[in-house]
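Listed below, chain by chain, are the residues.
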Amino acid sequence: MSVRVVLHPMFYGHVNGKDSIEVEGKSVGECLAALVARFPTLKGELFRNDGKLKEYLEIYVNGKSAYPEELTCTVTDGDEVRIIVFAAGG
Amino acid sequence: MQLSEEELVRYNRQILFSSFGEKGQKRLKQTHVLIAGVGGLGSPVAIYLACAGVGKLTLVDSDSVELSNFNRQILHWEDDIGEKKVFSAARKLKKLNSTVEINPVAVKITPESLEGLLEGVDLVTDCMDNMETRFILNEGCIRKDVPLIHGGIHGLIGEITTIIPGKTPCFECIFPRGAERQKPFPVFGATPALIASLQVMEAIKLLTGFGQLLAGKMLYVNGEDMEFVTITLQKNEACKICGGGKR
Ligand SMILES: [Zn+2]
Chain A
1 MSVRVVLHPM FYGHVNGKDS IEVEGKSVGE CLAALVARFP TLKGELFRND
51 GKLKEYLEIY VNGKSAYPEE LTCTVTDGDE VRIIVFAAGG
Chain B
1 MQLSEEELVR YNRQILFSSF GEKGQKRLKQ THVLIAGVGG LGSPVAIYLA
51 CAGVGKLTLV DSDSVELSNF NRQILHWEDD IGEKKVFSAA RKLKKLNSTV
101 EINPVAVKIT PESLEGLLEG VDLVTDCMDN METRFILNEG CIRKDVPLIH
151 GGIHGLIGEI TTIIPGKTPC FECIFPRGAE RQKPFPVFGA TPALIASLQV
201 MEAIKLLTGF GQLLAGKMLY VNGEDMEFVT ITLQKNEACK ICGGGKR
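Each protein sequence line maps, in turn, to chains A and B.
Here the working numbering is used: the first residue of the first sequence is 1, the next is one more, and so on.
Here the working numbering is used: the first residue of the second sequence is 1, the next is one more, and so on.
Just so you know, not all the hints are guaranteed correct.
What the hints assert, rightly or not - Partial pick of chain A residues on the chain B-facing surface, computed with a CB cut under 10 Å:
1. ARG82
2. ALA88
3. GLY89
4. GLY90
To be verified - Computed spacing ranges between beta-carbons, pair by pair:
5. B:ASN130 with A:GLY44: 17 to 25 Å
6. A:GLY44 with B:MET1: 51 to 59 Å
7. B:LYS94 with A:ALA37: 55 to 63 Å
8. B:THR232 with A:ASN16: 20 to 28 Å
9. B:ASN71 with A:PRO68: 34 to 42 Å
10. B:LYS23 with A:TYR67: 38 to 46 Å
11. B:GLN14 with A:ASN16: 40 to 48 Å
As the list claims (entries may be wrong) - Straight-line distance between alpha carbons at most 20 Å, and here's what the computed PhoX-like set of lysine-lysine pairs gives:
12. A:LYS64 with B:LYS240
13. B:LYS144 with B:LYS246
14. A:LYS54 with B:LYS183
15. B:LYS144 with A:LYS64
None of these hints come from the bench; they were simulated from the model.
Quick reminder that beta carbons are idealized off the backbone N, C-alpha and C, glycines included.
With these hints in hand, go ahead and build the complete structure from the sequences.
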């Protein structure tokens, strides 16, 4: 089982400049946990202290928003999980 | 409508652009753009739209000028501290291009105030600094069938997309979680300057009908490592605002 996590440009610095990472997992939550296990500095970028996703992130699975149950959303081999950041300043 | 001798000279360099030409210039003169927020994004958006010869600019912002604005909000200067941003901005824009009608409105954007503000407007540029108002702008624009060019920034990161009611995903489709980010947010002046310039390019193309728009696409810019990425956005069939582009 391999899922491709596509990162927002803001996070490239945490994954040695890559724009996507292949991980294993049956849900978005498992995939992100696998990602964070490999790149620990991402944890503080993606998750709040209570383990929930940061408020300003959107998760898309195969191009569709996974809201509102992002972390439990199931994924299968070949799926794409995309992490989007909302830049809200102006 | 004819362009005056003076206008032909003033706008000569852009009239030389073949897919724009005199036709584009005349069209621009007849348009009315609402600039929502006259801060980091709104300042350069207003400057370049005024320079380009958009007929009427409505500036909407309820804030007053503060010292901490000056690293990026280039329409506001040291002597303007305490003044409402829309009046500070209008004064300079009038000097920059006296032929453009400037309509400064110092009110907060709410669903109620937006209703009247959108009357006769051809395009809205989202230059806001918060989520809440962006959702209000989105809903108002979808309802009134007015295109909305969204810009957002954070640090050295910026994003831009063009929302066309009935055609593209709306703001609610793209950001269903809709939560607020930290305020104050970090930012260098060059980030909103860059995104604002892209918003103005989109505006000119959209208003005069040439080129390709970022419709249904989001361009992300990361100045920290100079990455530019465009992704395709999808409509959300369950969107409560646009119904997946149906409204
Ligand atoms: Zn929508």
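Consistency of the hints with the structure:
no.	hint	verdict
1	ARG82	holds, 7 Å
2	ALA88	holds, 4 Å
3	GLY89	holds, 4 Å
4	GLY90	holds, 4 Å
5	B:ASN130 with A:GLY44: 17 to 25 Å	holds, 23 Å
6	A:GLY44 with B:MET1: 51 to 59 Å	holds, 57 Å
7	B:LYS94 with A:ALA37: 55 to 63 Å	holds, 58 Å
8	B:THR232 with A:ASN16: 20 to 28 Å	holds, 26 Å
9	B:ASN71 with A:PRO68: 34 to 42 Å	holds, 37 Å
10	B:LYS23 with A:TYR67: 38 to 46 Å	holds, 43 Å
11	B:GLN14 with A:ASN16: 40 to 48 Å	holds, 43 Å
12	A:LYS64 with B:LYS240	holds, 16 Å
13	B:LYS144 with B:LYS246	holds, 14 Å
14	A:LYS54 with B:LYS183	holds, 15 Å
15	B:LYS144 with A:LYS64	violated, 26 Å
Consistency with the previously given hints fails for number 15 only.
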